[in-house]
Amino acid sequence: MSVDAKVKGIISDQLEVAVEKLSMETTFEDIDADSLDIVELVMALEEEFDLEISDQEIENIKTVGDVIKYIESQV
Amino acid sequence: MKMDLKGKTAIVTGASRGIGRATALALAKAGADIVINYNRSGEAAEEVKAEIEAAGSRALSVRADVSSYSDCEALASAAIDHFKRIDILINNAGITADNLLIRMKPDEWSSVIDTNLTGVYNCTRAVMRPLLKQKSGGRIINVASVSGIYGNTGQANYAAAKGGVIAFTKSLAKELGSRSITVNAVAPGFIETDMTGELTEQFREGVLSRIALGRLGRAEEVAEVILFLASSASYVTGQVIAVDGCLAL
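Chains as they are written, first to last, in this note's numbering: chain X, 1 to 75; chain C, 76 to 324.
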């Protein structure tokens, strides 16, 4: 499975939103994710891709595309 | 009122003696699996474990110094390894090092803050991930003290730590409300435990005259309130319940 599909799957699972609603430009604000949602999502991503995402990097995550680009740069 | 904790796992810090011990027994009696944390009183912890098992519940005893973050992580891991989940955390472990401020040594200040306040952060932080991952809510109950509300002569360190615990409780209740995790504190007054056993007879007499109920409390009476917060009380969060027989400090 591509990183793109995996990440969208995890976001969909964690935030209970349909995969079809997730585009690269979708912001977490669009899907009503609060700060704790983002942290939980990061926890799930860290586990799935076996990496550690720093607080500073979390700050930079605004859209679904940001997450995918970040993960792709790390794996 | 529903006080059934079957299938739930509770970690009780400082569970070998006093309020922690009474709480571990009360939660076990309601059906919870108990992780008994202790630091120095290993033998007493084993006795609590035996008592819980004799009553038909499961228990695990784990040594951990709550002032150490790595110890608290190990405590949370042991709970997950053994019982597969964590539903309830009772931050009870505490120490005193009473002294008038002018005589209070830096280590009397820091040891009390490290155990009583940082210890609450350490244990809570260590259970946060599993608690959120389970997505099934949770209960965190911090044992504060009336000293943390009113202040108390000779306890600037202890009162500061317990006041901190109260503020921590209120903040965390706001952070975790959306996840159905409730965070509350109990503030015991003068309770018959080893901790208050050190008080002088003269001080005890003086204290009794300021307690409306006219007697010290029992550890079991604090445990009952903790059990209530851990089992029912589903719409109570961010609160501090004084269990002090109406004490006027």
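Treat the hints as calculated values from the structure; they're not laboratory data. Take the hints with a grain of salt, since some may be wrong.
Stated by the list, open to error - Taking lysine-lysine and the DSSO-like style, the derived pairs with C-alpha atoms no more than 27 Å apart in a straight line are:
1) X:62 / C:208
2) X:6 / C:104
3) X:6 / C:210
4) C:180 / X:62
On a predicted model such as this, the values are computed, not experimentally measured, just so you know.
Here is what the structure says about each hint:
1. X:62 / C:208: Given pair residue 62 of chain X, residue 208 of chain C holds - Cα atoms ~22 Å apart, limit 27 Å.
2. X:6 / C:104: violated, 44 Å
3. X:6 / C:210: holds, 21 Å
4. C:180 / X:62: Violated - the C-alpha atoms of residue 62 of chain X and residue 180 of chain C are around 49 Å apart, more than 27 Å.
Violated hints, in rising order: 2 and 4; the structure is consistent with all others.
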